[in-house]
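J.: Residue numbers (the numbering used here), protein chains in the order written: chain A, 725 to 1504; chain B, 11 to 80.
Be careful, since some hints might not be right.
[Said to hold, decoys possible] Derived DSS-like pairs: lysine-lysine, alpha-carbon spacing no greater than 27 Å straight-line:
no.: 1; chain 1: B; residue 1: K69; chain 2: B; residue 2: K36
no.: 2; chain 1: A; residue 1: K1208; chain 2: B; residue 2: K80
no.: 3; chain 1: B; residue 1: K75; chain 2: A; residue 2: K1208
FYI, nobody ran anything at the bench for these hints, they're computed from the structure.
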Amino acid sequence: MTPLTSTYQSDAFVMTNFIDQKGLRALEARCIQEQAPPCQAGCPVHVDARAMLAQIGAGDFAAAYQTFSKTVPFPAIISRVCDQPCRAVCTRGEIGDPIAIRALEQACVALAGDAPRAPVKPLPARGKRVAVVGGGLSGLTAAFDLARKGWAVVVFEAAQRLGGRLWEVAEDALPRHIIERDFAATVLATPGLEVRLGAAVEDAPALRDSFDAVYISTGAVRGDAVDPLTCETARAGVFARAGSEAWSPITSIADGRRAAISIDRCLQNVSLTASRQHEGAYTTTLYTSTEGIAPARAVPLPDARAGYSRDQATEEARRCIHCECLECVKVCEYLARYDGYPKQYARTIYNNLSIVMGERHANTFINSCALCGLCAEVCPTDFDMGALCRQARQVMVAQGRMPPSTHEFALRDMAFSNGDQFAMARHAPGTDASAYLFFPGCQLAASRPGDVKALYAHLREALEGGVGLALGCCGAPAEWAGRKDLFEETMERFRAQHAALGRPKLALACSSCCQVFKTHAPDIELISLWDLLDRVGLPVQAAQPASRTLAVHDPCTARYERAMQDGARRIIRRLGYRIEELPLSREKTTCCSYGGLMGFADRELARAVIERRINESRADYVTYCAVCRDFFAAQGKPTFHLLDLIFGRGDDAAAAGRGPGYSQRHENRARLKREMLREVWGEDVTTAQEGYESIKLDVAEAVQARLEDRLILVEDIQQVIAFAERTGRRLLNTDTGRFLAHYRPAAVTYWVEYRPEGDHYAVFNAYSHRMEVAEETKDE
Amino acid sequence: MSKKPDLEGAEKWQCARCDRPMEIRKVSVSYMDSSFPVDLPVCPECGQVYVPEMLALGKMAEVEKTLEDK
Ligand code: SF4
Ligand code: SF4
Ligand code: SF4
Ligand SMILES: [Zn+2]
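Looking at chain A on its own, in the form it has when it is part of the complex (with noise of 0.2 Å):
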């Protein structure tokens, strides 16, 4: 969970991690959903107790038993004495007792356990034998594990019963006839399994002359050193079992089973030691957070010979939090859409971006994730799948299969902050250097112009050594689309305008223009609007309601970005507000749907992303990003910009106010240059207007809400009216008179029914497509 700073380091992450299958797997292995649960490793024999107690929670005492014995050769033997290291590992311990994992395998031995078990049917003999030195548990699950797979076996057992120390087990826990019917429908039922009771070994390395492998499972003979990993001894083709702790069943069994691979592997001449890193009681990689999860104690047990009732055992089974990861999954409604877990999602990424011919499915989701690093932050393992999907978007462009129509609007709406329209880069009136370059950054421009004029006249005021003025988009668009080429290009003439005013520290409202910067041009210095105001004071001194609590969105560009908001909480607090922190804030705070263009991608996914966050508390909430701000106010969230409570807005109706749909956005933003050029700079711009922006429309509330949802801007509508104007070359509709008009000025065609009232046009519908149709037209 260490903070990524910049999204270089998350590049990095994928850069190395996601080239190639070699990659691939790397990356897949980083994330530890799939590891087993603290249970499963910490058995020695790995009995699937999430998986049993899931089915014994549902009741079903069959499955659980099918799930306990297809692991454990003895099942009613180690249901009644085995020691338990799962439990000592069980994350329910954290917060209450560790499930009584025993005690419920016993239920399932009681409740399901006489079924008839099937007969044991070892693989077709193999021709070579093995000699087991004593019949405890070790030796026998070795000879049981063998014999199955078709290697004949003679189990050599000095007294004159199976079970070694299990009969000195007190007899009221294990009661005699449990060992011998355990036995009896293993060892003594299976084809090939050869027992001699009463058969001491005098020098049991001595039996590898007659027999092709030997395992003694009483241990090595003569202090001879025993190889923990495999149990060879000095002797090729002699086993024995490696170290003598405490007694403990359930080890014996795993000792004897390890054993038992060594000498197969051993008889078929294949390697001992590839891949045998999980045998045995290990410590798993998985992370369970326990948070919320509300204590509880074992269900009492209170007579432990009978054991649970199946009520009692359903109940006890209830407890297991089954662990499991998914930290990224909890926090991220994305993530969460698709059913899966990062892991899959890598490969799902990886085999879209490999698939030459043939339909991508994955491509919507790449596209919708908002690239936010919430998941990297929350990962045990820094897993970024925001890092993953940018990258993948990249990967999508160079291979000419980004789908066209994905990014387009957002690529035209940057077109058009970055054109003559929109940008500008120059010192203040009067002066000819700047210390300070002001950089409001293309939302806020187009959200509320008329605070960009009070902030840039404040901050003229406050600030020595000369404020400029940039006006345009830093690019993120380009770069969360994929469009490498677009957003260097940008970076490129932002540089070049930057250098030109000599090199000024850039002041930064937009959290995201922050981020932007501080990745692809850490040489430029930079400091948030919000960290600034701070310092040099605000600019009205509004007299606020002191008591009113508001609940702080930082903005998901904002993550690690500290100063800034420590700076807006100040100025929060500064007018009088109580503070109070979402669930998710700061470093874990969560994106409002814009970050990546999520939206254009999944629309509905948006919409879910934002109800959830909005509904996180009751409280109105303030945010200090233009798009977020607008985002949750449209869906119905009373939430304020920060400027509405410096600027004196603290009403109900700012923090309710929906923001201006995104042809309103073009024009607030291309007003907002001329103003200021002529009211800061003197200069009187009449920009040379193309023929159609001077059509006049009029566009019922309801027609205007489906523009938007259409993502169809005045501009396409004043287009396909002017050319229809010109050419003549329109329908006419014979019921109701008005006219329908189409026109393509670029990648999509644009209909548009109207009708002319005078001096403007009525506006009644308008769709598109991005398809052409071939139109041959006789042109008079």
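Go by the hints and put chain B with the ligands onto chain A.
T.: This is chain B with the ligands only, laid out in the frame that chain A set:
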């Protein structure tokens, strides 16, 4: 791609330029290196085409998405 339901109500529109009713003709519609013949109302005089809203937002949008993911 073209089925009659998408053209429902199309007969209300006539070419305003030639003052004539439209006729259904095969028109080639293309996107991302693929093209399809579609039955659309066309002015027999000047060739002006009519793409109804239902068709643009329904079938056409669907095919656009499929072709973009190809
Ligand atoms: S809580 Fe359940 S899954 Fe987790 S370690 Fe305990 S038994 Fe296993
Ligand atoms: S947080 Fe997500 S990516 Fe990280 S290990 Fe857990 S499931 Fe995997
Ligand atoms: S939206 Fe944010 S938290 Fe979710 S996967 Fe993308 S970068 Fe991670
Ligand atoms: Zn015509």
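J.: Take a quick look at whether K75(B) and K1208(A) sit within 27 Å of each other, Cα to Cα.
T.: 24 Å, holds
J.: Just to be careful, I want the Cα atoms of K69(B) and K36(B) compared with a cutoff of 27 Å; is the pair within it?
T.: 16 Å, holds
J.: Decide if the proposed pair is consistent with the structure: K1208(A) and K80(B), CA atoms, cutoff 27 Å inclusive.
T.: With a Cα-Cα distance of about 22 Å, the restraint between K1208(A) and K80(B) holds, given a limit of 27 Å.
Of the numbered hints given earlier, the model fails none.
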